[in-house]
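Let the hints inform the model, and build the full structure from the sequences given.
Chains as they are written, first to last, in numbering that gives the first Met the number 0: chain A, 0 to 99; chain B, 0 to 99; chain C, 0 to 99; chain D, 0 to 330; chain E, 0 to 330; chain F, 0 to 330.
Note that these hints are calculated values from the structure, not bench results. Note that the structure is predicted; figures quoted are calculated from it, not measured. Careful, some of the hints might be misleading.
What the hints assert, rightly or not - Derived DEER-like restraints, expressed as beta-carbon distance ranges:
| no. | chain 1 | residue 1 | chain 2 | residue 2 | range |
| --- | --- | --- | --- | --- | --- |
| 1 | F | 72 | E | 196 | 47 to 53 Å |
| 2 | F | 176 | C | 27 | 46 to 52 Å |
| 3 | D | 195 | F | 233 | 34 to 40 Å |
| 4 | E | 168 | C | 63 | 26 to 32 Å |
| 5 | D | 173 | A | 78 | 53 to 59 Å |
| 6 | C | 71 | E | 232 | 31 to 37 Å |
From the three backbone atoms N, C-alpha and C, an ideal C-beta is built for every residue, glycine too.
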Amino acid sequence: MSCNQKLMQIITSNTLEDRVKKIFRKVGITGFTFFYVSGEGDSGVQSGHFDADSNILFMVMVNEDQYGLVSDELMKDVKKGYHYFMFSLNAEVLTPSKCK
Amino acid sequence: MSCNQKLMQIITSNTLEDRVKKIFRKVGITGFTFFYVSGEGDSGVQSGHFDADSNILFMVMVNEDQYGLVSDELMKDVKKGYHYFMFSLNAEVLTPSKCK
Amino acid sequence: MSCNQKLMQIITSNTLEDRVKKIFRKVGITGFTFFYVSGEGDSGVQSGHFDADSNILFMVMVNEDQYGLVSDELMKDVKKGYHYFMFSLNAEVLTPSKCK
Amino acid sequence: MGLDAILIPAILFFALGVFAKVIKSDLKFPEGLSKGLSLYLLIAIGLKGGAELANAELGLAIKSIFWAAVLGFLLPIIGYMLLRFRDRIDRMNAAAITAHYGSVSAGTFLTAVAFLEASGISHETYPIIMMVVMETPAIIIGLLLAAMARRQIQLAENTGDAESPSVPWKSLLHEALTNGSVVLLLGAMVIGAVASPEAMQKVYPFSHEIFMGVLCLFLLDLGMEAARRMKSFKKVGGTLVAFGIVMPIIGGLIGIFVGATLLEFSVGGTLLVAILAASASYIAVPPAMRMGIPEANPSYYLTLALGVTFPFNVLIGIPLFYSIANWYIGL
Amino acid sequence: MGLDAILIPAILFFALGVFAKVIKSDLKFPEGLSKGLSLYLLIAIGLKGGAELANAELGLAIKSIFWAAVLGFLLPIIGYMLLRFRDRIDRMNAAAITAHYGSVSAGTFLTAVAFLEASGISHETYPIIMMVVMETPAIIIGLLLAAMARRQIQLAENTGDAESPSVPWKSLLHEALTNGSVVLLLGAMVIGAVASPEAMQKVYPFSHEIFMGVLCLFLLDLGMEAARRMKSFKKVGGTLVAFGIVMPIIGGLIGIFVGATLLEFSVGGTLLVAILAASASYIAVPPAMRMGIPEANPSYYLTLALGVTFPFNVLIGIPLFYSIANWYIGL
Amino acid sequence: MGLDAILIPAILFFALGVFAKVIKSDLKFPEGLSKGLSLYLLIAIGLKGGAELANAELGLAIKSIFWAAVLGFLLPIIGYMLLRFRDRIDRMNAAAITAHYGSVSAGTFLTAVAFLEASGISHETYPIIMMVVMETPAIIIGLLLAAMARRQIQLAENTGDAESPSVPWKSLLHEALTNGSVVLLLGAMVIGAVASPEAMQKVYPFSHEIFMGVLCLFLLDLGMEAARRMKSFKKVGGTLVAFGIVMPIIGGLIGIFVGATLLEFSVGGTLLVAILAASASYIAVPPAMRMGIPEANPSYYLTLALGVTFPFNVLIGIPLFYSIANWYIGL
Ligand SMILES: Nc1ncnc2c1ncn2[C@@H]1O[C@H](COP(=O)(O)O)[C@@H](O)[C@H]1O
Ligand SMILES: Nc1ncnc2c1ncn2[C@@H]1O[C@H](COP(=O)(O)O)[C@@H](O)[C@H]1O
Ligand SMILES: Nc1ncnc2c1ncn2[C@@H]1O[C@H](COP(=O)(O)O)[C@@H](O)[C@H]1O
Ligand code: NA
Ligand code: NA
Ligand code: NA
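Written out as structure tokens, the structure is:
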């Protein structure tokens, strides 16, 4: 009853939380997980003190179709200059209800 | 000295923290990691304000034997109605003492 | 424009945060993510109440070269007795600027 | 009793929180803050209650405890019947939802206290001990209803026991009795009662003086959270939303009867009993339902308790029950 | 006006925070604490301002609001011209940076208030409402400058619109007006103004009495954060660091003129206007720039606002502008 | 000096925390809260100490500092000898554990202060500065003992240096001296001493008045944490648990001698010195041991400091050492 899906992870500024959630909704994603992280990168140190220097990490498990849709949408934003650090991992989903 | 193992991740309600830990103990798992996350899914928005609407994410690195044991136990709960979002990733463990 | 890289994760005591960051800097890593987690393992329960019993989890996406460099450096510390729980996952990086 | 009765800071901050989310402001509380505030409030109210109950009349205290337990057992049963009427809501969800209405919302209770204090109306302190008592029975009733429902479903489906949760009664009762907020409230009451008054004096600036301000902050956060839950109205459906308003009215009226007639409290004390009966727990009960009735949908009961009943009580219930109590006692 | 004027606890704690990071201490604040402290401070200052403004002179209040808006529009344009002089800083970064200087830093403002109170100098309360007003215009100007810059870049590159961010004006204006700190500050002011003084009295121990202490804790944290940012000076470059000092001096002088001459405030009130003009926002504006000008580098504007201008104002600006205001008004 | 001496709120809250975990309640503090409370307490005690030490006698202050340093160097050596007796505990763990006993637990110290204040017993303030002094020497001794042990192990094993940690003395001394709690305590003391009393007055509601209440909250959390650690008794073994009780008794007695005879303090001041000597650090030292003696097992020293010695001191040590000090000084 398990299935193979893609675990996408997106690390970006806390201030773009709603923007990313809107993209999820747009492509029909109803399940996702997120938490706040710190980090360093091209846009400097994100130490988590203010909204503007906190990072959020989204984890979203998607099937092939959703994967294409959501990464296309996110990539549009990347081209506009938004800093999304995105990558995906191959996962085996064990919860049966999540394999439909 | 590295080895291949499974990184299991389980996302569930904060209120089931002890239940999951008990399962770990039952199958002999002594090492695991967890942290609190927010999310959305079939059981609604988990915004992290109260214990009842917070999520916990468990990460546990297991070998093949443990993998079978722990996923069986967790699946029993899933059948009872508990919401565990479970998946596994293939990992290469580098810390030698964790490869025994 | 995507590329395959290694997602290294290092779980260790909060008190070694600066030590790990120094290693990153030494091998030329400028981008990484971290957050605080709880856990159990050989060094006991890390419940997150004090600096001494909190864990930190580092996520760092590296190419093959960096992977060798950073894991060698970290392994030196492991041999000295430092508790680093380290593993790596195969990731597909989607952000173009991170694939150079 | 005009509009200005609800123009107290606590309620205004609640309204500000709702407003912020309605206009989609990005105002956000850091993680952990609302849990911390809620710990503080439970301790403060417990200490206060304990210190005053140390001088309480034993007979009346026992009577209050008795009627609190009765309310805790009775209300969920009324609620269950309402929800199951014409089979509108399935058994499991009905059991889980109704348990919330037998228990209490400390936030609503404290807002009612603030309302009374701002209006200069005195009140008995027995309702604080009633609050402690009411945390537990509703959970037990909810679990019992669910266990019965599970049996019926099994009989209907003729399935074996294999996959059904054999109710872990021991651990659930333990959960109900050792619930964090019960322990904190009861513990603080005991400390407030046994510690020497001089020593307690040094704790007052923390537990009493800054209390109202902390409550404001807490209600601001709850306002935002309540508004966020309101978005789920559609998913939850009209029946449940209606229940979230009807049930507190029924509870409040029963509470007024218990407070005024059975316990012979003043208008202030009666209002507090009404609020105990009218409010729905969103801290202690949901975790117990998560554990004990995993089949129920958490977004139903959280939306109801927090998105419907809580704002209803804060904005309408408190002044409404106050007026009714006033009128009823004055008869 | 000697050294001891800045020996007030708030400033000393800021210095302690800087010192801790300079000696590389491992002192660390838990996550969420500084966000929580900053919520508290906004509420407290809002309540205080609201209560006092309830008795304010309408004419002067409107005049203050008007000049606050003018400052908010004017300062970013001055800043933009400075940054673009000889094409030193590219358009996008110039627009994003300059928006911060039109808005205000509540932390700096509160330090100035603490400075005045410790020195026993009275001040008008209109600057609090000016602070609210100034949060928004600068954001709008910044976005306008960026939109113009984007158009020019496109014309220059002759590229189509396909990949350029079509400015989502609606959502950005919404963001500017419903920004968390605006809502909190304005909301608390309204509550402070409409709630009955007796009810407010119960909130004071929380909002007034422990205020100075909380401010100290907040500034300790900001001191550490400012010092951490100073490490990025090299990356940011000399031009920008210089701008981070020159701009608040220009702003402060303009602020003194507005406060003393146009609004005819006392020395205390004039200092506060100077600080409004001199300070750079590091809470409200950066998120808006992240959203609206994604092309700009966040480490530039955060380093400037927090690592340069903030410490400059706290340690030098406040006593400096106070002396100048004193001299100017005494002329 | 009966049971009611420990019936002060602070100790009762500690007991409540232990009780909650013993009955397996799900009571939980949000992440970061206990770190935040501990920051607050260090600042508050520092400010208080600084303000009073500004008027202290220089001679006695220097004498206190001297004896504090002696205690900090001496106690770990005694502890090391006890642990190494008959080779019961290996060298690395012995060094790491013993360092904790040379340093102090601010939580225990503050509970002792609360105990004295609740009993109306006055005390000298020099122990506060002694607390600051004692943070560091023990860390250095611990590292030295470990360095010596490492050499011996190498000689025994005849291995090269390749894989052994060449002690990074510079960074470890730096760590010991710039440790967060040292910086905060010392910084707050300096601020308390140099800031003008009028300005400090505004900080008092935060730093003094709500102090006792915050301490209660902190001890509630520590009680839960201590109880959680007690579960590891089995892993840690009887020898270590016994050490965790014997060592504070030895330390306390030496502390009484230092306080009463060498420093000629009153009973109150003597108790505080006894507690400094008897208590084991669980905030400043563990991180230093993590860094400096990675070979040692952290669960040993955390279990001992937090699960054994801390509850022993709070529940038994304080009244015990008080009685002994009383008797000894009365001789
Ligand atoms: N190589 C990396 N490995 C892990 N996280 C990274 C890496 N690069 C960037 N990040 C994360 O992504 C965020 C945004 O990156 P950037 O756009 O480079 O500023 C950073 O703050 C980090 O949290
Ligand atoms: N597709 C998904 N991707 C990532 N996380 C998910 C997904 N679906 C559910 N979750 C997480 O699992 C939790 C429980 O899911 P559910 O049982 O669907 O309510 C949610 O609150 C999310 O945090
Ligand atoms: N098998 C495991 N799976 C996941 N996390 C682990 C595992 N073992 C150890 N950890 C994490 O690594 C930390 C240090 O491990 P240890 O060195 O065994 O004490 C623990 O506190 C856990 O957070
Ligand atoms: Na109720
Ligand atoms: Na400005
Ligand atoms: Na000691």
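Hint check results:
1. As the Cβ distance of residue 72 of chain F to residue 196 of chain E is approximately 59 Å, the hint placing it in 47 to 53 Å is violated.
2. Distance hint for residue 176 of chain F and residue 27 of chain C: a CB-CB separation of about 31 Å, inconsistent with the stated range 46 to 52 Å.
3. The beta-carbon spacing between residue 195 of chain D and residue 233 of chain F, approximately 38 Å, falls within the hinted interval of 34 to 40 Å.
4. Our hint of 26 to 32 Å for residue 168 of chain E and residue 63 of chain C is violated, since their Cβ atoms are close to 45 Å apart.
5. As the Cβ distance of residue 173 of chain D to residue 78 of chain A is approximately 56 Å, the hint placing it in 53 to 59 Å holds.
6. Taking the beta carbon of each, residue 71 of chain C and residue 232 of chain E are about 32 Å apart, inside 31 to 37 Å as hinted.
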